[in-house]
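**Q** Residues per chain are reported as follows:
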Amino acid sequence: AQSVTQPDIHITVSEGASLELRCNYSYGATPYLFWYVQSPGQGLQLLLKYFSGDTLVQGIKGFEAEFKRSQSSFNLRKPSVHWSDAAEYFCAVNLNFGNEKLTFGTGTRLTIIP
Amino acid sequence: KAGVTQTPRYLIKTRGQQVTLSCSPISGHRSVSWYQQTPGQGLQFLFEYFSETQRNKGNFPGRFSGRQFSNSRSEMNVSTLELGDSALYLCASSARQVMNTEAFFGQGTRLTVV
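In order, the protein sequence lines correspond to chains A and B.
If you count the first sequence from 1, position 111 lands on 111 in the numbering used here, and the numbers rise without skipping.
If you count the second sequence from 1, position 83 lands on 83 in the numbering used here, and the numbers rise without skipping.
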């Protein structure tokens, strides 16, 4: 079945440490790929996106993600986290141009400890 | 440029009532999509409207409906509310006719059904 998987429900990292959040998708073709962040009670903010081309994409707030076709993955990374990065992170895919439906993973809640 | 605006931010309704939520997209965006977010089901696509026409629909009962006006503003209606309809309802807008476009989300409407 077509799906988006975020295997880590909750991750805790120390402030200043590096971060990697995992995302895998299961589709026949390469979809458009996105990472969104959500603070409690708020909407979703787009961190970065991949449509085609360079497989390493840079986003806002110092985040980057790497698309690996062979692994059907689009993992989010940040070299040094800040306390303000504590939030929930969602990976999402869009299958077709002209079809705006996003399919989301279940999210990863990030906790930052001092 | 103003972002996606959703009103109201919070609603409390009684089981059996109906509710209407409003979404004003980013200026120039003609596609509006709606999502339901719950702790149990995560983020689920409800429907998308473009040029006043529903273009795509998720797997929700007919009690959930929507419409879009000529100025691209959209409303979502839920009739005969059930306790399980309590959720954060998110609206997203995008420039559907443009390649490689992303969705921008509003802050959401928190609906509580009692």
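Take these hints with a grain of salt, some might be off.
Said to hold, decoys possible - Chain B is nowhere near these chain A residues, computed Cβ spacing over 10 Å in every case:
no.	residue
1	G28
2	K49
3	E66
4	S84
5	N99
As the list claims (entries may be wrong) - Per label pair, the in silico range of CB-to-CB distance:
no.	chain 1	residue 1	chain 2	residue 2	range
6	B	G62	A	Q42	26 to 32 Å
7	B	Q18	A	Q2	20 to 26 Å
8	B	E52	A	Q45	27 to 33 Å
9	B	G58	A	T12	32 to 38 Å
10	A	L56	B	N77	41 to 47 Å
11	B	Q17	A	R69	24 to 30 Å
12	A	R22	B	T112	32 to 38 Å
13	A	Q42	B	T20	31 to 37 Å
14	B	R63	A	K68	20 to 26 Å
15	A	A17	B	G28	47 to 53 Å
By construction, these hints were calculated from the structure, which means they are not laboratory data.
We put the beta carbon where it would ideally sit given N, CA and C, even for glycine.
**Q** Hint by hint, note whether the structure agrees.
**A** Results of checking the hints against the structure:
no., hint, result
1, G28, "holds, 19 Å"
2, K49, "violated, 5 Å"
3, E66, "holds, 18 Å"
4, S84, "holds, 18 Å"
5, N99, "violated, 6 Å"
6, B:G62 x A:Q42: 26 to 32 Å, "holds, 30 Å"
7, B:Q18 x A:Q2: 20 to 26 Å, "violated, 33 Å"
8, B:E52 x A:Q45: 27 to 33 Å, "holds, 28 Å"
9, B:G58 x A:T12: 32 to 38 Å, "holds, 33 Å"
10, A:L56 x B:N77: 41 to 47 Å, "holds, 43 Å"
11, B:Q17 x A:R69: 24 to 30 Å, "violated, 49 Å"
12, A:R22 x B:T112: 32 to 38 Å, "holds, 33 Å"
13, A:Q42 x B:T20: 31 to 37 Å, "violated, 22 Å"
14, B:R63 x A:K68: 20 to 26 Å, "violated, 41 Å"
15, A:A17 x B:G28: 47 to 53 Å, "violated, 41 Å"
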